[in-house]
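Asker: Here is what each chain is made of, one letter per residue.
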Amino acid sequence: MSAATVVRQRSPMFGRISAALVLVGAVLLLYATGFFQEDKWGPFLEPSTWRFLGEGLAVTLVIGVISLILSLLIGVPLGMARAGLTGPIRYVVGGYIELVRATPILAILLITLLGLPRLGLDIEPFWAGVVALTMYTSAVLGEIVRAGIGSIPRGEVEAARSLGLTYRHTMRRVVLPQALARMTPAIVSQLITLIKDTSLLFIIGVQELVGYGRSFFNFYGNLLETYFVIAVIFFLINYPLSRVSRRLESGRPPDERVAISGEEDQVTGRADHITRGTT
Amino acid sequence: MSDILSDPLFVRGYVTTIALSAGALLASLVIGTLVASVRVWGGPFLRSLTGVYVEFFRNTPLLVQLLFLAVLLAPSNLGVTRDPLVAALFGLSVYTGAYVTEVVRSGILSVDPRQIEAARTLGLSQAEALRHVVLPQAIRTVIPPLGNLSIALVKNSAIAGGIAATDLLQVARILEARPPFTFDPFIAALFAYWTITIPLALAVSRLERRLAFAR
Amino acid sequence: MYKKFAPLMALVMAVAACSTAPGTGGSPAASPGTGGSPASSPAASSPAEPAATPTMVIVEGVSTPESIQAEGTLTCGVKFDVVGFGFRNPTNNEIEGFDADICREIAEEMGVEALLIEAVSANRIPFINERRVDLVISTFTINEERRGQIDFSRPYYIAGQSILAKVDNTEINSVEDLNGKNVCSATGSTSETNVREQAPEANLVLFPTYTEAGQALDDGRCDAVSTDDVILFGLIDAYPDTELKGEPFTTEEYGIGMKKDSTELKMFVDDVLVEMDGDGRFAELWNENIGAYTDKEPVLPPES
Numbered sequence: 001m002s003a004a005t006v007v008r009q010r011s012p013m014f015g016r017i018s019a020a021l022v023l024v025g026a027v028l029l030l031y032a033t034g035f036f037q038e039d040k041w042g043p044f045l046e047p048s049t050w051r052f053l054g055e056g057l058a059v060t061l062v063i064g065v066i067s068l069i070l071s072l073l074i075g076v077p078l079g080m081a082r083a084g085l086t087g088p089i090r091y092v093v094g095g096y097i098e099l100v101r102a103t104p105i106l107a108i109l110l111i112t113l114l115g116l117p118r119l120g121l122d123i124e125p126f127w128a129g130v131v132a133l134t135m136y137t138s139a140v141l142g143e144i145v146r147a148g149i150g151s152i153p154r155g156e157v158e159a160a161r162s163l164g165l166t167y168r169h170t171m172r173r174v175v176l177p178q179a180l181a182r183m184t185p186a187i188v189s190q191l192i193t194l195i196k197d198t199s200l201l202f203i204i205g206v207q208e209l210v211g212y213g214r215s216f217f218n219f220y221g222n223l224l225e226t227y228f229v230i231a232v233i234f235f236l237i238n239y240p241l242s243r244v245s246r247r248l249e250s251g252r253p254p255d256e257r258v259a260i261s262g263e264e265d266q267v268t269g270r271a272d273h274i275t276r277g278t279t
Numbered sequence: 001m002s003d004i005l006s007d008p009l010f011v012r013g014y015v016t017t018i019a020l021s022a023g024a025l026l027a028s029l030v031i032g033t034l035v036a037s038v039r040v041w042g043g044p045f046l047r048s049l050t051g052v053y054v055e056f057f058r059n060t061p062l063l064v065q066l067l068f069l070a071v072l073l074a075p076s077n078l079g080v081t082r083d084p085l086v087a088a089l090f091g092l093s094v095y096t097g098a099y100v101t102e103v104v105r106s107g108i109l110s111v112d113p114r115q116i117e118a119a120r121t122l123g124l125s126q127a128e129a130l131r132h133v134v135l136p137q138a139i140r141t142v143i144p145p146l147g148n149l150s151i152a153l154v155k156n157s158a159i160a161g162g163i164a165a166t167d168l169l170q171v172a173r174i175l176e177a178r179p180p181f182t183f184d185p186f187i188a189a190l191f192a193y194w195t196i197t198i199p200l201a202l203a204v205s206r207l208e209r210r211l212a213f214a215r
Numbered sequence: 001m002y003k004k005f006a007p008l009m010a011l012v013m014a015v016a017a018c019s020t021a022p023g024t025g026g027s028p029a030a031s032p033g034t035g036g037s038p039a040s041s042p043a044a045s046s047p048a049e050p051a052a053t054p055t056m057v058i059v060e061g062v063s064t065p066e067s068i069q070a071e072g073t074l075t076c077g078v079k080f081d082v083v084g085f086g087f088r089n090p091t092n093n094e095i096e097g098f099d100a101d102i103c104r105e106i107a108e109e110m111g112v113e114a115l116l117i118e119a120v121s122a123n124r125i126p127f128i129n130e131r132r133v134d135l136v137i138s139t140f141t142i143n144e145e146r147r148g149q150i151d152f153s154r155p156y157y158i159a160g161q162s163i164l165a166k167v168d169n170t171e172i173n174s175v176e177d178l179n180g181k182n183v184c185s186a187t188g189s190t191s192e193t194n195v196r197e198q199a200p201e202a203n204l205v206l207f208p209t210y211t212e213a214g215q216a217l218d219d220g221r222c223d224a225v226s227t228d229d230v231i232l233f234g235l236i237d238a239y240p241d242t243e244l245k246g247e248p249f250t251t252e253e254y255g256i257g258m259k260k261d262s263t264e265l266k267m268f269v270d271d272v273l274v275e276m277d278g279d280g281r282f283a284e285l286w287n288e289n290i291g292a293y294t295d296k297e298p299v300l301p302p303e304s
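Chains as they are written, first to last, in the working numbering: chain A, 1 to 279; chain B, 1 to 215; chain C, 1 to 304.
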């Protein structure tokens with residue numbers, strides 16, 4: 001029994017009427033902007049449209065996958081370094097991670113695009129985008145890994161060590177397998193953020209889904225409708241991912257869930273006690 | 001560098017970012033609390049409707065939402081506003097509101113209903129029970145995630161430049177394109193963002209620790 | 001050690017990526033179902049173009065009319081994304097525009113074929129020095145710094161920053177009228193500075209690209225867009241209910257770029273330009289390509 005069943009405040013009719021009003025109001029508003037004209041939606045019935053947008057979507061997904069892989073390659077060692085090492089190195093790595101995570105990703109993107117040429121490195125917008133996304137995501141993943149490793153009780157590590165296992169062995173056989181299982185929901189959530197953030201790349205001239213969409217509505221004159229369709233496409237990719245993440249997480253007891261701060265998609269809104277990892 | 005930091009445009013950008021974030025946070029709290037109430041106590045139809053809102057705005061990119069909104073509110077459509085800041089405020093509020101909804105909802109649900117029963121038994125009215133028993137506990141659960149959302153909100157405010165709002169990052173781009181074409185404006189903007197996000201992050205983590213101990 | 005590890009990784013990755021990066025970039029070929037040329041969206045680069053760095057590679061020798069005739073081909077570097085000057089039409093893959101047509105005329109005078117390849121802003125001088133092209137006709141502004149590295153023909157077009165507004169907007173007729181109005185442009189461009197100087201009370205609204213600025217003009221968020229008239233042509237093409245208002249308030253001369261010390265080639269090209277101006281071909285090509293967008297007189301500018 002939850003609070004919901006105990007506190008019922010309003011009669012059902014009130015709710016239904018207000019919902020209906022909101023819906024009708026929204027529809028009227030959109031109608032006023034010509035949202036429902038047939039000629040604006042017509043292009044979406046053509047197969048060539050979907051081939052065209054499909055190209056853009058492919059670029060988006062490629063960027064996402066490349067960035068994710070690179071971020072894992074960089075982030076996992078970073079997180080392990082921060083969790084495992086002692087002394088000043090740990091603070092330097094930690095400082096770097098926290099600084100990057102405290103920066104808006106669009107800022108990282110622009111600094112990468114405009115800053116690297118000044119250092120003599122000529123970089124294409126596509127790769128500037130990948131570098132920027134990777135830089136940010138790897139920092140977040142590093143934090144996830146650190147929290148994941150830290151969520152394994154020290155007792156297990158101590159037990160493994162006292163049984164004669166080396167540090168590497170302990171990591172590989174005891175800590176990491178469990179940590180990875182706990183981290184997966186958070187990693188999937190970060191993937192959602194990553195895919196959404198690829199849309200920022202059109203600002204620096206990368207032709208991904210949003211960029212293709214802009215060429216499309218410039219030709220057909222249906223900006224609002226096209227942006228809506230693009231949003232739906234993103235939704236169709238991210239919503240299943242969010243369900244996967246939630247399913248993976250729900251199987252775990254509260255103190256085994258890995259959560260980190262400062263990222264919106266990492267906030268599951270669960271009331272249960274979450275652990276940031278004890279170190 | 002000091003000439004950038006004292007440049008009125010830079011200051012304006014900094015203030016705009018703070019104001020935009022603060023305003024959107026407040027608005028999203030209102031939106032989120034309202035929608036969360038609906039999600040907790042509403043009928044099945046309302047719950048589905050609000051569920052669509054939450055899932056749609058959480059899983060679609062903020063930039064696309066802003067681009068759509070800016071044109072929707074423009075004179076040739078709904079004619080609400082030409083000002084990109086207004087559109088950005090609106091968009092950021094609705095986007096963050098979707099996240100706030102889930103946080104507030106779990107906050108409400110986290111309070112054991114038996115406490116309300118007990119309070120009623122002891123003679124408190126419904127409203128008093130909510131105010132003195134439910135709310136204090138719910139707030140405890142809700143504050144750390146809300147803190148995290150506000151950090152994310154400040155970072156997301158930078159996206160407002162995509163619809164030409166004059167926030168901190170936009171100002172950095174403008175200043176970088178003026179003579180003497182140095183990269184300093186971006187460095188300055190970086191530090192300026194850190195002066196907001198890092199203290200927030202420290203405050204949130206201190207709060208989390210205090211609340212965790214208190215349990 | 002670990003201290004430099006992470007940021008260094010990013011730089012190393014960037015360097016590695018640059019040497020192996022497949023060519024991406026460029027605007028996608030808008031492939032709508034049925035014919036008709038699509039509304040052009042100039043893929044204008046919004047970050048300010050950094051000053052051209054001197055190229056490392058300089059191949060020996062220059063092209064001359066004879067050498068080109070011997071080869072049988074005149075290779076020109078042109079833009080592929082600027083409406084009216086150098087624009088690849090996605091429906092038939094033809095390169096259209098004033099710059100492209102001038103190249104073809106020069107080739108005809110030489111009795112050779114014209115080969116048009118894409119020269120984006122950053123590549124123009126490198127392509128000349130590497131002798132990948134004989135000429136660069138690519139909305140190329142003549143300035144002292146470039147004169148130090150390459151030769152230019154006499155100017156063939158005077159561009160300038162202009163104002164675009166809706167046709168039925170009678171309030172804006174000059175740059176001073178921009179005061180108090182919403183003026184759109186792109187971040188990272190010099191256009192913003194120029195407007196600020198001449199209309200300090202104007203409210204500048206800066207978008208990531210000119211396409212957005214054009215869109216904002218169309219839906220009423222802006223009263224005007226201000227940038228180089230060449231870019232505005234593309235916007236007029238996309239939004240036919242707009243027009244240029246008033247006179248340009250800055251000037252830039254476009255010239256045909258060629259390798260340093262190409263005295264013979266320069267003379268030949270200059271002569272062709274004068275001839276074209278004299279017998280009406282210049283005006284004809286002008287009117288065909290950009291006449292619809294501008295009221296300027298289709299004449300060859302004087303030597304600078």
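Think of the hints as simulated: they come from the structure by calculation, not from any bench.
Errors might be hidden in some of the hints.
[What the hints assert, rightly or not] Ranges between beta-carbon positions, derived for each pair:
no.	chain 1	residue 1	chain 2	residue 2	range
1	A	Ile69	C	Ala70	28 to 38 Å
2	C	Ala283	A	Glu46	16 to 26 Å
3	C	Glu60	A	Gly120	23 to 33 Å
4	A	Gly25	B	His132	33 to 43 Å
[Said to hold, decoys possible] From chain B, some residues computed to sit far from chain A (all C-beta separations above 12 Å):
no.	residue
5	Asp3
6	Pro8
7	Val11
8	Arg12
9	Val15
10	Ala19
11	Gly23
12	Val30
13	Leu66
14	Thr81
15	Val86
16	Leu122
17	Lys155
18	Ala172
Every residue, glycine too, gets a C-beta built ideally from N, C-alpha and C.
Asker: Run every hint past the structure and note whether it holds.
Answerer: The hints, checked one at a time:
1. A/Ile69 - C/Ala70: 28 to 38 Å: Violated - the Cβ-Cβ distance for A/Ile69 and C/Ala70, about 52 Å, lies outside 28 to 38 Å.
2. C/Ala283 - A/Glu46: 16 to 26 Å: Taking Cβ atoms as reference, C/Ala283 and A/Glu46 lie about 41 Å apart, which means the hint is violated.
3. C/Glu60 - A/Gly120: 23 to 33 Å: 26 Å, holds
4. A/Gly25 - B/His132: 33 to 43 Å: 37 Å, holds
5. Asp3: Fine: 19 Å to the nearest Cβ keeps B/Asp3 off the interface.
6. Pro8: 21 Å, holds
7. Val11: B/Val11 clear of chain A: closest Cβ-Cβ about 18 Å, beyond 12 Å.
8. Arg12: 18 Å, holds
9. Val15: 17 Å, holds
10. Ala19: Given a closest Cβ separation of 16 Å, the condition holds.
11. Gly23: Given a closest Cβ separation of 17 Å, the condition holds.
12. Val30: 16 Å, holds
13. Leu66: At about 10 Å from chain A, B/Leu66 fails to clear the 12 Å cut-off, so the statement is violated.
14. Thr81: 14 Å, holds
15. Val86: B/Val86 clear of chain A: closest Cβ-Cβ about 16 Å, beyond 12 Å.
16. Leu122: Given a closest Cβ separation of 15 Å, the condition holds.
17. Lys155: Per Cβ check, B/Lys155 is inside 12 Å of chain A; nearest 4 Å; violated.
18. Ala172: Violated, because the least Cβ-Cβ distance between B/Ala172 and chain A comes to about 8 Å, which does not exceed 12 Å.
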